[in-house]
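**Q** For reference, the chains in residue letters:
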Amino acid sequence: MTGWFRFGTLRVRDRKGSLQLKPHKLAAKNEVGMVKSELILRLAELNPHLYQRDIERIVSTMFDEISTALADGDRVELRGFGAFSVKARAARTARNPRTGVSVSVSDKRVPFFKSGKELRERLNAPSRAEKSTLRDPAD
Amino acid sequence: MIKAGFLMATVTRAQLSDAIYQEVGLSKNESADLVDSVLEQVTRSLVQGEPVKISSFGSFYVRQKGQRIGRNPKTGEEVPILPRRVLTFRASNILKNKINAKK
Chain A
1 MTGWFRFGTL RVRDRKGSLQ LKPHKLAAKN EVGMVKSELI LRLAELNPHL YQRDIERIVS
61 TMFDEISTAL ADGDRVELRG FGAFSVKARA ARTARNPRTG VSVSVSDKRV PFFKSGKELR
121 ERLNAPSRAE KSTLRDPAD
Chain B
1001 MIKAGFLMAT VTRAQLSDAI YQEVGLSKNE SADLVDSVLE QVTRSLVQGE PVKISSFGSF
1061 YVRQKGQRIG RNPKTGEEVP ILPRRVLTFR ASNILKNKIN AKK
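As they're listed, the protein sequences go chains A and B.
Counting from 1, one number per residue, gives the positions in the first sequence under the working numbering.
Counting from 1001, one number per residue, gives the positions in the second sequence under the working numbering.
What the hints contain is simulated information worked out from the structure, not anything from laboratory work.
In this text the structure is predicted, and so the values were computed from the model without any measurement.
Here a beta-carbon is modelled for each residue, glycine too, at the ideal position from N, C-alpha and C.
Careful, some of the hints might be misleading.
As the list claims (entries may be wrong) - Reference listing, derived: stretches of chain A covered by chain B, where coverage requires no fewer than 3 residues with Cβ under 8 Å from a Cβ of chain B:
#, stretch
1, 39 to 47
2, 111 to 118
As the list claims (entries may be wrong) - Distance ranges between label pairs, derived from CB positions:
#, chain 1, residue 1, chain 2, residue 2, range
3, B, T1088, A, R98, 37 to 43 Å
4, A, L41, B, Q1022, 35 to 41 Å
5, B, A1009, A, H49, 19 to 25 Å
Work out the full structure, taking the sequences as your base and the hints as a guide.
**A** Right under this line is the structure:
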């Protein structure tokens, strides 16, 4: 249990009280997942008629556009996928958990994402069906 | 400050595909298809349980939730909430800073 103190900020307790790495640390540890460059490669395979640099620009434009909208305080709603919004957080006094020293945190805005209905349903659909449709029947 | 409700605009697929149309010069139809295609590829990765990390934007993670007992807040009736997978988004520091830069 000493890990709790050494990695205090990296671990969370799940509902059953067992220690679990926070999801972003877990993912970093396991080195799994898709990064932007892999997303671009997949899209390039699916769109052989486009230049890869155009696909790079398409992906960047999309996420830049979402970022800019959020910076302007706007909401981004992508039906079936989810919605990005900005939430206000009031100023508060926090404590450094290691030293116990109080620090004041000024009010700020934080980005928030809520997954869409269709995406939630697909995440929880009997996943075998989805996986088998992805597999090429030829191999 | 956050804009009041009446000032707040909502950006949808239409604005994203319009930005691609102007930025990359594809046809409007193709731009719209590509927006869908990007979101579809992100979704597929997540459905496989694989996180998606977009540098300077943020990351999407799938988390497994165990079963727990919920309550209908209206009737007080206990209902089991089945184990399920939920999606979490973690914004990058670049995005967080961008959102707080314009005050």
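**Q** Determine for every hint whether it applies to the structure shown.
**A** The hints, checked one at a time:
no., hint, verdict
1, 39 to 47, "holds (count 5)"
2, 111 to 118, "holds (count 4)"
3, T1088/B <-> R98/A: 37 to 43 Å, "violated (25 Å)"
4, L41/A <-> Q1022/B: 35 to 41 Å, "violated (25 Å)"
5, A1009/B <-> H49/A: 19 to 25 Å, "violated (33 Å)"
Going through the hint list in order, the structure does not satisfy hints 3, 4, 5.
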